[in-house]
Amino acid sequence: MAQQEKDPAEGGQTDRSLTMSRAMVEAIAHEMREDDDVFYMGEDVADYGGIFDSTEGLLEEFGRDRIMDVPISETAYIGAAVGAAQAGMRPIAELMFVDFFGVGMDQIYNQMAKNTYMSGGAVSVPMVLTAAVGGTYNDAAQHSQTLYGTFAHLPGMKVVVPSTAYDAKGLMHNAIRDDDPVVYLFHKRLMGIGWLPAPDGPKTPVPEDEYTIPFGSADVKREGSDVTVVTLGLHVHRALEAADELADDGIDAEVVDLRTLVPLDTETVRDSVAKTGRLVVVDEDYRSFGVTGEIVARVAEAEDGLAALEAVERVAVPDVPLPYARPMENEVIPDAEDITDAVRAAHGDE
Amino acid sequence: MAQQEKDPAEGGQTDRSLTMSRAMVEAIAHEMREDDDVFYMGEDVADYGGIFDSTEGLLEEFGRDRIMDVPISETAYIGAAVGAAQAGMRPIAELMFVDFFGVGMDQIYNQMAKNTYMSGGAVSVPMVLTAAVGGTYNDAAQHSQTLYGTFAHLPGMKVVVPSTAYDAKGLMHNAIRDDDPVVYLFHKRLMGIGWLPAPDGPKTPVPEDEYTIPFGSADVKREGSDVTVVTLGLHVHRALEAADELADDGIDAEVVDLRTLVPLDTETVRDSVAKTGRLVVVDEDYRSFGVTGEIVARVAEAEDGLAALEAVERVAVPDVPLPYARPMENEVIPDAEDITDAVRAAHGDE
Amino acid sequence: MVSVTDLQEMYEAMVTARQYEERLQEEYLEGKQPAFDISAGPIPGELHLAAGHEASGAGVCQHLRDDDTVTAPHRPHHIAVAKGVDLKRMTAEIFGRETGLSKGKGGHMHLFDPDVNFACSGIIAEGCPPAVGAGLAAKKRNTDSVAVAFLGEGAIDQGAFLESLNLAAVQDLPVVFVVEDNDWAISMPKDRVTDVENGARRADGFDMPGTRVDADDAVAVYEAAREAIGRAQDRNGPSLLEVQVHRRMGHFMGDPEAYRSDEDKAAAERRDSIDRLEADLRAHGVDDETIDELRSSARERVEEAIEWAKEQPEPEPADAHEDVFTNPPSGVTDSEPNVAKTETGGDD
Amino acid sequence: MVSVTDLQEMYEAMVTARQYEERLQEEYLEGKQPAFDISAGPIPGELHLAAGHEASGAGVCQHLRDDDTVTAPHRPHHIAVAKGVDLKRMTAEIFGRETGLSKGKGGHMHLFDPDVNFACSGIIAEGCPPAVGAGLAAKKRNTDSVAVAFLGEGAIDQGAFLESLNLAAVQDLPVVFVVEDNDWAISMPKDRVTDVENGARRADGFDMPGTRVDADDAVAVYEAAREAIGRAQDRNGPSLLEVQVHRRMGHFMGDPEAYRSDEDKAAAERRDSIDRLEADLRAHGVDDETIDELRSSARERVEEAIEWAKEQPEPEPADAHEDVFTNPPSGVTDSEPNVAKTETGGDD
Ligand SMILES: Cc1ncc(C[n+]2csc(CCOP(=O)(O)OP(=O)(O)O)c2C)c(N)n1
Ligand SMILES: Cc1ncc(C[n+]2csc(CCOP(=O)(O)OP(=O)(O)O)c2C)c(N)n1
Ligand SMILES: [Mg+2]
Ligand SMILES: [Mg+2]
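Residue numbers (our numbering), protein chains in the order written: chain X, 1 to 350; chain U, 1001 to 1350; chain A, 2001 to 2348; chain E, 3001 to 3348.
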């Protein structure tokens, strides 16, 4: 979709604010300029610029050979990315919605993720698989999921979930340079697309120069002493909103943005819980057998983890597919109120 | 593969022992006799009788129209099962190894699992998807997984994992009669196949008459007062072995066999932990973002759950693909010793 | 030969579909203007309109009975209308209302009407395997019903379609695959994604007949579909039919179509199969009055459906927790609201 | 025309593969007898032998250089040998040893030799998309290398293969798809799973040339492969080549083949492309002595590889935790032994 935002021409200015999509694209463009081996494949990534602005403007600079529209054959082109990566290139392949993973999962999971291990390290697969995730605009059960847990569960892929423009750029630089397969999941609602207004948070100052954010470093987006809220993606912003409201009532919530699920920065989470004693995990994926359970377990199994832990709450999509109608979608996707409620419960204010 | 075992002719005899594969097949044959709408589709399920004996002997009785060999097109035939189920039949579709899920996941997950919900209950999908799971015979990264967490995470499928012949039969009767899609995961090592010797446990007395085991009822396979071991599939037997050894040292372990992951019998798990105060979760899936984390979280988030919980341990495949060579496969798939070690650690015997 | 009744019924279905979508478009844009916000207004989410495709739905479905199965893709309305899906409940579904076909859980890409065996879904080529399954059920039960899978020309490169051709062929199933070639897959023209101009050529590689027909002429679609469906009804196996249609609109509502030339768009608009079928009707002696009546009764049905739908209640939030299973596990709730939601009350 | 050197090299590759697998079979069965136990013995797991396929591997790979990519399926040895994969390290891999190609992590279905750009995998048709990717890389980098994907005739109904045909065709990539038709997919005869006797017919639906050739005559395979690979080398796009081979063994070791008639098996054994190529050699004036030498040097290479492999050390258990990533996350261990394993010691 047409992107309103434009990069200011001033170089080096660091308080320039970008939408998340502009920040992502800036990192991709930079890497493509630096390295001829980087190219991007996907559906509607050329003339259209990506349904969610993930490649907006790149065709003009790099041409059709490097910003490639491909047939609606996810198995073939994601697998082709694996082959090209093993041949030494650095492909980025886009899965338009993460919900479509099922048509290409064998290549993702049995080739992209495993070839390094199955070859005993003889082969590397330096590629990025990008995909749009998330709901909040009533696109129903086949176009609204995050599937964080599905990708994080299966070893061999690094899994990145940015929540701000600043993080998106640094993590994308890192993703493209990484010698391993990276699944880069961007939330549609955060991208700053004209037709899908973003909340305030994700648009942040972004340095024009390149920089990387290492994987496995969670970011404490708000410090607090009473309750630890661990979350990622869109829900970082909902948690921050909740924290503001809670502050009015004298509850001081710490908000930890995981930023990557694999590797997972367990230490930052454990340190925070050691301080607060109370853990609320929030995500937009299905509740059971996913991210929220894992975070609880990582804390509980730590040395003195159980002793430190006074209260635990999970806030996630209950185990239902995403419904279409607004009242029901609102019901299942956690909002700030769900988070404040959970924090209050963890805080013992029921 | 040729099956040595034979059903004794005596009807009603309840101390007749069967292998797990014979018990499964007995339930399928019974349902096929009762209901013309039941049929079985898969690769090598007709003349071969299923690579893991899952259909051994059925072709002879039911013929090619009902025991159907199909092309190696998992997307097409699993999706065809969905269509046939929606048309009122009761198909059973076999995915030869669960590791192949990636070639058919869209039909499994975006049709089979979601159509009931997406239709607001207007449509039912009464089908069973069977698949062989598990390692222990060095079949490496693409033929050894259990993927319990992957299926249990995604709502809309009931997920069954039998550990004994008795359970396998009762659960299969229930699976075929259930009006919802059921994923029935049988562990190769438990089937009692001639070329893949089973341990002692899974071969149990099995009534000749039909009976059902309701989903969502975990089974306490061994009562104990000191530590709760929650597990499923092959690892029920490894946990029982560990419990025997631990008993010699005066540690009394309770072994809970989940039997189904969806629905999950949280109550039995919580009750056991309320009694023992110590939880060890054991499975053969990848550790992170899977079954073990979920069980820990279910206990921790229960009312008084944290208070009751003194110790937590997880024993699972660390987050690596399954390696081929025996010393490495042995290292990553939990054995009885890993379980005894974890129970001892939970018990405070380090 | 096509009968006047057939022509009239097809015309009715096509006009209804066109008018229906024009009205949907109006309703959809409400609250989304001036700056288009996909999540605002009475109909949120994506909306894919099928103006220019009508002859394909009508020409094929004219041969089908309620017990024949149809699966449609993300652009389903013209097919649903032609198949006889309940227009009121379909509309209520699109508006996300409690009395919608799916109680508001499905939306416009997930319309299920078991009474006429219609279903659609939002993943490319996803309806092909289930259609094969419906054909398999028909064969097993020895009925004379058939199954038809509709898909776009962009979907013919997807494994689900290609595998389905083979499975239907080797099992000799009563299935017809109908490819609606509107030249575009979102922003990608057909020649960018495949070297095969005529998608029906793929059929031969599975030993199946394949035909291509131009939907400017609805009667030609009708004739080609008769042959394919007749073949299925006679239990002579599956067929592939590619139908050249036109995309008069953007891929979805809100698509600026910056990738598309004005000329291409204008050409699509010029070639309207509804006009041509109207001329055919006249040639068959149908008078202006009858044609006007068909149009106005279509308009009435559409208005009635939309008015009815808008009066329907919205679902309750808690309804979201139901219908995951037909047979929900007893005593074990796997879908429950977030703990905080049930256990604490709003603002505390 | 084929040169005598080509004939000799192909013969060598074919004889080496056959002898290699005969020896593997012996080793594999050790410890698994009398009651076959797949998990016992020095080579555990599945083992798929390719006796009867050799002419396909040799006839195709004879045209390939080290920088050409080959992906092979679960039945890979004859192709690996023809492509020049390091026989010792490949054997060590199959024995699960530390110095194996994959340090014992891969096994016989997951052989990777980047020096000659060879890889194989155990999921049907899975190697097709990566081969397309290798072709894409060659095109982008403007090299003159090509990529070849081997698969079985049972794999031609799998989406990954069919989608790959289209992607390779529309992108004009230097890729050759080689279907080894051995009449069987485990227990399923070809005519049970597709109506198309000649799989090469599928190519036309993607606007790609398709040919079928009989591997009884290794020279015929060589000639057909020359055309297809030449076309790729000349940057004229992809091709599909179906090669009729024979399965002389069970699908995997331990397969009782109860589903197969003795006659079918005997026919496969009768038609041995190695014998025929030997006759061709003689017809080209190669004498007995030279042929004997080729055979015995093959035998030596095989013995050497097997003896070497068996002397290699097994990996350490802890090695299992390495190689998930090329660039393991620093300071964050996602793969660690089970807690109990590191924190407590054995028997307490
Ligand atoms: C597997 C999958 N990939 C991508 C998409 C996104 N998508 C939705 S519609 C569409 C284009 C479809 O084109 P075509 O099949 O020609 O149908 P048309 O929209 O032209 O009617 C795409 C790529 C999807 N829904 N599913
Ligand atoms: C997606 C997938 N489905 C099923 C299997 C199991 N499987 C392994 S080999 C095989 C038969 C393959 O037949 P073919 O392609 O003809 O090769 P051949 O074994 O005859 O050489 C099957 C079904 C698999 N590995 N992957
Ligand atoms: Mg189209
Ligand atoms: Mg074969």
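Quick caveat, the hints were computed from the structure, so don't treat them as lab data.
A hint or two may mislead.
[To be verified] Short, incomplete list of chain A residues facing chain X, as computed with Cβ under 8 Å:
# : residue
1 : 2034
2 : 2087
3 : 2195
4 : 2308
[Stated by the list, open to error] Below, simulated SDA-like cross-link-like pairs (lysine to any residue); rule was C-alpha separation at most 20 Å, straight line:
# : chain 1 : residue 1 : chain 2 : residue 2
5 : A       : 2140      : U       : 1209
6 : A       : 2139      : U       : 1252
7 : E       : 3088      : E       : 3192
8 : A       : 2140      : U       : 1058
[Unchecked claim] Here chain U is said to cover these stretches of chain E; the calculated rule only asks that three of the stretch's residues, wherever they fall, bring their Cβ under 8 Å from a Cβ of chain U:
#  : region
9  : 3109-3121
10 : 3155-3165
11 : 3190-3204
12 : 3251-3263
13 : 3316-3325
Using N, Cα and C, we set each Cβ at its ideal position, and we do this for glycine too.
At least three residues with a C-beta closer than 8 Å to a C-beta of chain U: is that true for the region 3316-3325 of chain E? n = 7 at 8 Å, threshold three: holds.
Can the restraint linking residue 3088 (chain E) and residue 3192 (chain E) be considered satisfied, given a maximum Cα separation of 20 Å? It is violated: about 39 Å lies between the C-alpha atoms, which goes past 20 Å.
Cut-off 8 Å, beta-carbon criterion: hint that residue 2087 (chain A) touches chain X: 18 Å, violated
Taking 8 Å as the limit, does the beta-carbon of residue 2034 (chain A) come near enough to a beta-carbon in chain X? Given a least distance of 12 Å, the restraint on residue 2034 (chain A) is violated.
Would you settle whether the hint for residue 2308 (chain A) is holds or violated, based on the nearest Cβ-Cβ distance to chain X being less than 8 Å? Given a least distance of 17 Å, the restraint on residue 2308 (chain A) is violated.
At a Cβ distance under 8 Å, does chain U reach at least three residues of the region 3190-3204 of chain E? holds (count 3)
Can you confirm whether the C-alpha distance between residue 2140 (chain A) and residue 1058 (chain U) stays at or below 20 Å? 18 Å, holds
For the region 3251-3263 of chain E, count the residues whose Cβ lies under 8 Å from any Cβ of chain U; is that count three or more? Per the Cβ count (4), the hint holds.
Residue 2140 (chain A) and residue 1209 (chain U): Cα distance at most 20 Å? At roughly 28 Å apart (the allowed maximum being 20 Å), residue 1209 (chain U) and residue 2140 (chain A) break the hint.
With a cut-off of 8 Å on the beta carbons, see whether residue 2195 (chain A) makes it to chain X. Violated - the Cβ of residue 2195 (chain A) stays beyond 8 Å from chain X, reaching only about 10 Å at its closest.
Quick check: do three or more residues in the region 3155-3165 of chain E have a beta carbon closer than 8 Å to a beta carbon of chain U? holds (count 5)
Verify the coverage statement for the region 3109-3121 of chain E against chain U, using a C-beta to C-beta distance below 8 Å and requiring 3 or more qualifying residues. holds (count 3)
Hints 1, 2, 3, 4, 5, 6, 7 from the list above are not met by this structure, while the remaining hints are.
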